[in-house]
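Asks: All chains should be modelled from the sequences, with the hints used to inform the complete structure.
There are 2 protein chains.
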Amino acid sequence: MSYSQEMYGLGSQGSEIREIFEYGRRRKAEIGADKVFDFSLGNPSVPTPQAVTDAMIDILSTAEPTAVHGYTSGAGDMACRTAIAEDLNARYNCGADPALIYMTCGAAAALCCSFRALATEDADEFIAFAPFFPEYRVFCDTNGGKLVQVMMRENDFQIDLSLLDAAVNERTKGVVINSPNNPCGVVYTEETIRGLAAYLEKKQAEYGHPIYLITDEPYRELVYGGAVVPFVPNYYDNTIVCYSYSKSLSLPGERIGYALVSPKAADAKAVYAAICGAGRALGYVCAPSLMQHVITRCAGVQPNLAPYEENRRILLEGLTGAGFTCVNPDGAFYLFMKSPEPDAHAFAAKAKEHELLVVPCDSFGCPGYVRIGYCVSKETIEGSLPGFAALAKEYGLS
Amino acid sequence: MSYSQEMYGLGSQGSEIREIFEYGRRRKAEIGADKVFDFSLGNPSVPTPQAVTDAMIDILSTAEPTAVHGYTSGAGDMACRTAIAEDLNARYNCGADPALIYMTCGAAAALCCSFRALATEDADEFIAFAPFFPEYRVFCDTNGGKLVQVMMRENDFQIDLSLLDAAVNERTKGVVINSPNNPCGVVYTEETIRGLAAYLEKKQAEYGHPIYLITDEPYRELVYGGAVVPFVPNYYDNTIVCYSYSKSLSLPGERIGYALVSPKAADAKAVYAAICGAGRALGYVCAPSLMQHVITRCAGVQPNLAPYEENRRILLEGLTGAGFTCVNPDGAFYLFMKSPEPDAHAFAAKAKEHELLVVPCDSFGCPGYVRIGYCVSKETIEGSLPGFAALAKEYGLS
Chain A
1 MSYSQEMYGL GSQGSEIREI FEYGRRRKAE IGADKVFDFS LGNPSVPTPQ
51 AVTDAMIDIL STAEPTAVHG YTSGAGDMAC RTAIAEDLNA RYNCGADPAL
101 IYMTCGAAAA LCCSFRALAT EDADEFIAFA PFFPEYRVFC DTNGGKLVQV
151 MMRENDFQID LSLLDAAVNE RTKGVVINSP NNPCGVVYTE ETIRGLAAYL
201 EKKQAEYGHP IYLITDEPYR ELVYGGAVVP FVPNYYDNTI VCYSYSKSLS
251 LPGERIGYAL VSPKAADAKA VYAAICGAGR ALGYVCAPSL MQHVITRCAG
301 VQPNLAPYEE NRRILLEGLT GAGFTCVNPD GAFYLFMKSP EPDAHAFAAK
351 AKEHELLVVP CDSFGCPGYV RIGYCVSKET IEGSLPGFAA LAKEYGLS
Chain B
1 MSYSQEMYGL GSQGSEIREI FEYGRRRKAE IGADKVFDFS LGNPSVPTPQ
51 AVTDAMIDIL STAEPTAVHG YTSGAGDMAC RTAIAEDLNA RYNCGADPAL
101 IYMTCGAAAA LCCSFRALAT EDADEFIAFA PFFPEYRVFC DTNGGKLVQV
151 MMRENDFQID LSLLDAAVNE RTKGVVINSP NNPCGVVYTE ETIRGLAAYL
201 EKKQAEYGHP IYLITDEPYR ELVYGGAVVP FVPNYYDNTI VCYSYSKSLS
251 LPGERIGYAL VSPKAADAKA VYAAICGAGR ALGYVCAPSL MQHVITRCAG
301 VQPNLAPYEE NRRILLEGLT GAGFTCVNPD GAFYLFMKSP EPDAHAFAAK
351 AKEHELLVVP CDSFGCPGYV RIGYCVSKET IEGSLPGFAA LAKEYGLS
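Quick mapping for you: the protein sequence lines, in order, are chains A and B. Residues in the first sequence are numbered consecutively from 1, following this note's numbering. Residues in the second sequence are numbered consecutively from 1, following this note's numbering.
Since the hints were derived computationally from the structure, they do not count as laboratory data. You may find that some hints are simply not true.
Put simply, identical chains are the same to the list, so a pair is met inside one copy or across any two.
Unchecked claim - Listed next, the in silico SDA-like pairs over lysine to any residue satisfying Cα-Cα at most 20 Å (straight line):
(1) K203 / D165
(2) K203 / R297
(3) K146 / Q5
(4) K350 / R18
(5) K28 / S45
(6) K338 / E353
(7) K203 / S2
Replies: As structure tokens, this is what we get:
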């Protein structure tokens, strides 16, 4: 064969989310943008904070262009890594070390580098809790690992240690968590993180090798109603944090984030070096330099959560008022709603008749649910409620 | 083992070029920046054109931030790909198709995606002509291929087809070229490209499968004295162009470039899909979005070559006048100089005594030569000449 069938498959297979979005575009052109309610994407609707735009323009207007746009070191500009470590230490008192922070093209790159760095043989397994972002499987399986799916506890979407225990074995190299979660919006409680940490400590001792906790945290700052996201390295030593500014600073296209190895991890420096080596192998020369300089100045800038908080409130009230059941949405910007019929695709098709575009979550490993991204305008939220009410009525929910 | 030894090796092994550069930094602090002549890096010294900076500031000042910084499609924003295709078609009349352009985080990502897309089994071989950028071996070997090295013809550093023929076999999946070349500055002539194309056509027919020509072209626009760089897709159908704006627009840290599949390639659409799939597998969600919007406006902006041209002239006259021998430097921004003793490391050590920092090219697959990057200030060039003259005298060259 003259090219890789596996890569061809990945490149030619369409994304369901993207297809729904494209349908929405066509439909808006047909009947008017204000009559279609597209909840398909996870693209932030809140603009990047003005402080970030100001920093970009100031850097471009005043700094020497060859310094702004030149290569940084492969691991990232030290000033940027230092600013990030200082911000994390101020917030979490976690001993973050700039020498163990590797700047990446977003969390996707951080995850791929982590899998590639840790996987040593074909049989190395990484466990992820469903529902999870479907690309996890691609990132893991094409970078030397094998993704193993474990369901979250269905009543509250926290981690069920007995389900986890049924999946862990000697080949378990790592466990991936994502809290606040895409697609279900759940934030793992401190109790959940403590329980997971204690369980993994026990299994590490039993098997005599580290089990890494890879924590994918692009939504870390997106929490509502006083929910607290435990900072995982403070609970478990063998932790790798994969972070992105995509959601917190509304910079998803700019591809800026990092992988952080906990200084308390076993062989922390060697694991960090392996992540840097994986970055080389995957062709990441450095993370985008202007954005690194921006983060140096803006590491402590907080997201503007007010629009998401308001959308969430209005939508949650509207949906539960109409009779739908949603998972407790403490974080991220998604509502995870139980489909009133077992087949979420069939439900999404009926929703579409009301011009409501939602994402069936079968591909997230969780059939029977849909994801409703509320990173949209308030007008979209408000305009969608009559449709949802009518839909609920069709199903006899109200 | 709890992490990958291969990735650890890649991440912990220092870059020789980077070490020379770091030595230069320390030495400048000791004796003064104007007394150390550092020719180690390939970081452009010419600032990005003002039109590019103006475009960035204008976009940031006037466009809607969620549009500027939002995800583009995985293959890149269509307006950007269209602007690139139009520019290429205007210059080369090559039938470039936006639907076959995949925006990447620079040429390194384009190369990694190409290797990953094409390699189908462990035995798939890709041939590169030495001297070549040392990362080629990393990019190829960690993405499913096996790099095979063939020396260029030593008298003029063009391609020697008899040496190539000794290396080509049924497992040859592709051939990588880099013209203008890093580190030797040579531009392949039209005769060379025609000869290579005819040879590969013959071997394709003989083996009954495509042999892809992967052409790494970050220096395409950096040529001097009227040299012409043949546009390879116009000579050979099964061509993949890997391009970067790192050198032409002095944006190396921003990671913006593309992979282009020739519309005349066999299975062009499938090969393109495989490259897109490889991008997914390697964690490239999209190329940095602000830079894509910048390229949409600046695809036709030409580099400012005057400073490099002047540096090249002064340095070449100085070195050859002192008795050194340099390869004909038609392009890029490197002089490739024959070491006056067989061991280029020993020569570089002697040069260091004169505060001249040059790169031995053993790691480029070409012992006995050093690379002198003239992407530095004119003052560095002029200030270095007495040292080079003294060095030549030590070797009895003048």
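Asks: Have a look at K203 and D165 and pick one of within, between, both or neither, based on CA distance no larger than 20 Å.
Replies: So K203 and D165 pass the 20 Å test inside one copy only (9 Å; across, 55 Å).
Asks: Pop the pair K28 and S45 into one bin, within, between, both or neither, using alpha-carbon distances up to 20 Å.
Replies: within (18 Å within a copy, 48 Å between copies)
Asks: Since the copies are identical, ignore which copy is meant and state whether K146 and Q5 lie within 20 Å (CA to CA) inside a copy, between copies, both or neither.
Replies: both (19 Å within a copy, 18 Å between copies)
Asks: Given identical chains, is K350 near R18, meaning Cα to Cα at most 20 Å, within a copy, between copies, both, or neither?
Replies: Within one copy only: 19 Å inside a chain, 60 Å across chains, cut-off 20 Å.
Asks: Using 20 Å as the alpha carbon limit, work out where K203 and R297 are close: within a copy, between copies, both or neither.
Replies: neither (41 Å within a copy, 55 Å between copies)
Asks: Since the copies are identical, ignore which copy is meant and state whether K338 and E353 lie within 20 Å (CA to CA) inside a copy, between copies, both or neither.
Replies: within (18 Å within a copy, 73 Å between copies)
Asks: Classify it for me, K203 with S2: is the Cα-Cα distance of at most 20 Å met within a copy, between copies, both or neither?
Replies: Classified as between: cross-chain Cα gap 14 Å, same-chain 44 Å, threshold 20 Å.
Violation of the numbered hints given earlier is confined to hint 2; every other hint is satisfied by the structure.
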